[in-house]
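*Asks:* Chain residues, written in single-letter form:
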Amino acid sequence: MTFLDHLFIVVFISLIAISALRNLRIVDKLAPVLYGLILIMLVRMSSVAYGGDVYLSSVSLDLLDFKMHWQFTALSWYFAIITVVAALASAVFMSGDWGRQYREQGGNYGMLQLALIVNVFSMILLLGSGDLLSLFIGWEFVSWASFLMMVLSPTKLAKKSAVKYIVYAMTGAMALMVAIVMIYSVNNSLEFKQIGEVFTQMSTSSQLALVLLFFVAFAIKMGLLPFHLWQAIAYAETPGPGAAFLGAISSRMGMFTIVLVIVQFIGLGGLKQLGISFVNMQTLLAWVAALTTIIPTYIALQQHDAKRLLAWHGVGQGGYMLLGIIMFDSIGSAGGLMHVLNHASYQAALFMTVVAVMYRTGTSDLNKLGGLVTQMPLTFLVMLIGIIGLAGLPPMNGFVSKWLVYRSLLVNGQPLLFVAAVLGTLGTILSVYKLIHNTFLGQLRLEHQNVREVPWSMLVPMLGLSIIVFITGFMPGLILPWIASVQESVGLPVIAHHLGGIEYAKGGLDMIWVSGILFYGFGVGALIFYFLGGKSKRVHQYDNYAGGHFLTSDVRYHYSNNFYPGLMHLIGGWYRGSFKWLENSIVSVVSFFSIFFENIYRAKQPVMLLLIGVVLALFALYRNLGVGA
Amino acid sequence: MNSLVLLVVLPLFAAFIIPVVAKFSPKLSLFTGPVVLCINLLLIMSAWIKVGSGSEAIFLGGFLPPVGIVFYIDHFSLLFSGLIAGMVLIVWPWDAKESRLYSLYMLLSAASFGLVLSADLFNLYVFYELLAVATYGIIAASPISKVPNSSATAASLRYLFISSAGSVMLLLGIAIIYTLTGTLNIAHLATMTTSLDGFAGLSAFALIAIGAGVKAEMFPVNSWVAEVYGTIPRQLSALLAGLVSKLAVILIIRMLLMVFQQQAAFDLLLVVGMLGVISGEMVAWRAKDMIRMLSFSSIAQLGLIFIAFSIAGSKGLWIGMALMLHHLLVKGGLFLMADRFAGHMGKLKGLAKHSPMAAAVFLVFVLSLLGVPPFPGFWIKLLLILNLAEQGGGLYHVAIATILLATVIETAYIFKFVRILYQKADADSTPINKNYSSSYTFAKLFALILLVSMLFVSPISNHLKDIANHSASPHIYINKILPTKQLGDRS
Amino acid sequence: MNSFFTIEGILYFGAISLSIIGLFGLLVSKNLFRMLLSLVLFEAGANLVLVLSGFIRNGIAPIFLDGNSGAVMNDPVPQALVLTAIVIGVGVQALALSLIFRVKKHYGSMDMRTIRSKLEREIATQAGVTPPGSNEAPAPVKLVKGEAHE
Amino acid sequence: MNALHLMAELIFMPLIAFIVGMMMVLMMRKIAARLQRRIGPPFFQPLYDIVKLYGKDTQISHGLIHDIGIIMAVGGYIGAEILLPVPGMEGIAAKGGVITLSYFLMIPSLGMALGVGQCANPNGSIGISRALTAMLAYDIPFILVVFGAAWHYQSTSLIGMIEYQQMHQWGIVEMPLLAIAGLFALQGMLGKQPFEIYIAPAEIATGPMVEMSGKYMGGLFVMQTFQLYTAGVLYASLFLGGGTSFLTLLPKAFLVVALPMSIAFMFPRYKTEDVIRILWKWPVMLALISLAFIL
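Protein chains in written order, with the working numbering: chain Z, 1 to 629; chain A, 1 to 491; chain S, 1 to 150; chain R, 1 to 295.
Bear in mind the hints are in silico, worked out from the structure with no lab data behind them. No experiment lies behind these values; they were computed from the predicted model shown. There could be a bad hint or two in this list.
What the hints assert, rightly or not - Derived CB-CB ranges, DEER-like: (1) Ala8(R) <-> Ala546(Z): 34 to 40 angstroms; (2) Arg121(S) <-> Lys353(A): 48 to 54 angstroms; (3) Glu163(R) <-> Asn188(Z): 56 to 62 angstroms; (4) Ala360(A) <-> Leu499(Z): 40 to 46 angstroms; (5) Phe267(R) <-> Glu453(Z): 46 to 52 angstroms; (6) Glu163(R) <-> Leu416(Z): 27 to 33 angstroms; (7) Val555(Z) <-> Gln36(R): 54 to 60 angstroms.
Yeah, the Cβ is synthetic: ideal placement off N, Cα and C, and Gly gets one too.
Based on the provided sequences and hints, a complete structural model is requested.
*Replies:* In structure tokens form, the structure reads like this:
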């Protein structure tokens, strides 16, 4: 029994326990404890994240001549800890008053808890996979587990988007299966290292097909362009904490497999040799990543539902991760990998704030909120920290990872990708400002006058996550050793790091200093503000300039709808729904063939075909006899 | 060993005496059939143990092959004999008033046993025709309550036309074979494959394949499927889709493995299989009620089985057999519970809330059908695709792509359906058929078998592999049936 | 084509033509009874081919064979087979005929197209859906309400 | 670098920036006045303004975030000044580099946006919407310029860039097109005509400043001094060789700030979408052409 076996056992027992007790109240208390236990098991294995040996599971399955085994590398551990922390936060979040409200509104709380642990279980299984078959099984498990989570929401739209998701996921799984089969058919082995070996033996066209198949499979999960359509709506419609969990980590399983398969075994050399002149696979993937940062971000800018806005940003941020890792250098890949954790932390926190707002006000429509900062200051604080992280501004952790990606693009001389990344960031800033402005700033609506701060069971995970957002931004050196071991384990150049950030010959980053200076600046600013100026007077929100009118509670004096008219006036015409068009046309093509075949079944063509067959056969007989006799 | 002849004789006999018995005691006539089938089951079990890993040939009527009638018995044929007995027992028409129906069912089982056991081409033809006649009769005599009797009759008639045309083609194929070789004993044919190598031999195979393909829901000749399944009771659909189609497949496979081991023949199966898969899934995608969906999905699954058999040698048989068993369980189970899901799918909203168990059983079936791990369907699909990839050759790669594309389409329509089951009920929803019929119990049993087999994937697969290795070998076949003949041109 | 005008050649030609005519009739006729007759023709053709497979010119029937004449005999097996096939065929045709009567009684028509469309409608009604082949679109993919373009 | 030195830098770098920035404000107003044939304000006018605003009696607060917004606006720039090396004082420029700096420059915008948002005045929010859109517009050419410079000098640290220019030639000589693109971006960044719609100084009631009074306005005034200084020094460091001493650096910085001011009055005011259109077209094109040469 190795530590990894213990981990699997604990996760499995948790799965059993929660599924058995899911309809009892005790599951509220039990679930966080169990996730805590899983976390402890993971921490016990933390040596792997500091350059220690890979943990192997003593269990291996021999099924149908396939040998399946499991292992935990630094990469697995890194993704696993993010998963479990996200699950812990979500479990705590839903354990108290939110869960009560969810039950009262007719939600199936037990199923939600079950879906969460099923997700964690399948993700750990995927992360622990030791060969291509166990990878595939874990992969399918994760897809179906997410599906389980998504269908829990009672709305029709949620179910529709979940079905859409599962069709996408199945497409991805099938692509993965073909890729695995391609590898198996060369050497009759499903070990990971076969990928690299087989890849070198293949012809160029097979190599291209293999890389594309793997990439399609992983891109679908991660919601990269052009497979991004399923994700945002599906995640946004998932019930509260489930959305936080899925948005935080679920689609990053695609990132895990990209690192595991494409980065580790196919590698930069493999990608670069595929292509003509300056367009090779690496540039192609990099541009996919860049477009993924831009397009979903600007779609997010258009949303007026907070959850959907965040979910679209989740899609967009995936682009940064791929952009970083695809650069294959120490800083870029570190940035891409680190962005997984950073994104998970602030995305979960942000989703939770939106859910908290929904918990109190019942809506996440950005046109129906406003001014909640006075009622829910701590939630506001969490959202502020979260959006600074999401926008990638100092001193939060999103800045560090984005900085690394930018730095890598700079070092590699990729101005257009650099601009694309910046365009994404700027779009994010615009969009998240709209989020926080329309939710917390501006005029407080009359019906929200009595809204209170959410209870502690919801605040604690939110605050905890925002502390992570801040601490890992302030001291990225806490995370960077993990990243370095991941890089080492997948054969990337290892980043030189210290507690405050990275060392790099042509300009490094030290977040302790940077944040310190920033806070020093804020301190000085506060000093100037509070001690040098006169005393300010707090006024009511209706005491406001209104061009001579008097504001009363029945006057809506708030700017929220179509927040960026100038920008939309310019770029609005570019939202053509091309991808949706593409999706619809695929459906139309299937439909066309479907009608075609349906008519074949209805018409007399079968007899016609029979006739042709018989004529041919008898002709053959006749010829045969005629010539023979 | 000769007692196995009773497998065919007993039901045949029962079929003839049941109308007579019914005159005196309807009760007795009702139970005659099940009793006969139970006896058959016992016979099969004892034979299974006796045959062990080997095989036996039974010579009837005192003539020795290649002239006489031969039954060939190995685990493969015994397995399917057992399935016939079990399946007919499950769908036995307990509530039918007419004894005629019992006779027809007995006739059907007699023909099925004969079809599985015969080692002679003409006997195969006779049993095939017998099976066909029994089927037409059963279809015409088993209306569902709501549909007027005549629509079943009309469907049966349309089925009769296409199926009879198929039978005639089968006969033509046999005629061609006889012209070319002068024998109809399969083992004898297996020793003289060179004379069947040409285009004429291939066309004989094509005629047999397409002729039998009518029952096996093979691509161009399966337009009857939706009509017939739409008008007959679901239990009967389960029997036809689950079992009868497989028997026709077995006929084709016997010919393929023993006689026509030519690449062109494999390619032919591969192509019709691919067309069946893609066309079936495509049409099912547009279906708006469960029966139609299942009918076309069944066509697609049969296509998958044909693709599996296009893999040469025992591997093809192994995977094809696994697919057949899986499809029998899944499609049989789905048809058995289809009564609860009948009607326009839009009206099934809220069903999952109403009877969560039924929805869960349904989910187990469809997930296995889609090939989701860890259900058995996944392993079969994986094996199929891995082995197709090993075959090499462009057509096999196209087949892989087809299967995977079809899986995606299948996911789309199945989950469109599942989504509706799990939606909130509204005014439009029909009240759910709550009476717990025996067929639903059997569906649950099937699901349970499926789930249990999940745990024993490896042993089951190994066992099937052994059976396949044994049954796919023309050597053993020839040696058993024609011990005196040497294996001529086959190395 | 040296053997085209031999007796086998002509017989085969006739038998094969008969099957093809039968199948073609099955394809083009709309009337149930004509379809049945076409089926009979098809089957007759097939039976002839089968019988021909045992035919040898100048051969004699096995019954008339005395053991030592050395004459070639016609193969008896196909003849036995054809007998069986004819019996089965007749059975099926009788069944078909009875079914045709019942169908005619219910639908009042012998036209296969009419029957097919009525049958399809009946099945669809029973299943509660619109009949296939109608112009109803397959589950349309609409823009979800309230969802922004992208 | 010992602690004392650092302490001194922490105090003096922002202070110098503030003082120089005030002089730049003065210069701006003088230029504007001269162009309009006025005399212009006296030397200490910027200081008077700030003192006056801070000392006002009516200071209306719309809540804590209103205050924090102003603090962030000023504090962000104070932090930025410490990242911006000047002769003799490098601050922590080695720890961050030019990417960090350009991100620091976004914090004051965000702070101001938060503060204005809290005011619950839609006019202010409209102003912020315009300001953020304008930021989107001018940051694209700006970031291209930064990229080009960093690539050319093979460093992301401003110190390294200045050293390179001291050893070789000024950036403006080696990369004239990029420098012109930088000027465009600068014009937008400083919110000068024709890109001044988001500040809308002439129509305060419909701009972000609508609810700003007293020290809130004063804070924004201070922010402006920092902004001018940062822009001038940054541009001078990127393209004009920085300076070995303040005597060589500051004239360049003043020149950089004077330039947009002098040409500003030649232009009308563009609509928001036109701001984006123009800033995404010409300077981006220039920068890309220039990058094609550099790379």
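*Asks:* Run the structure past the numbered hints and jot down the numbers of the failing ones, going up.
*Replies:* 1, 2, 4, 7
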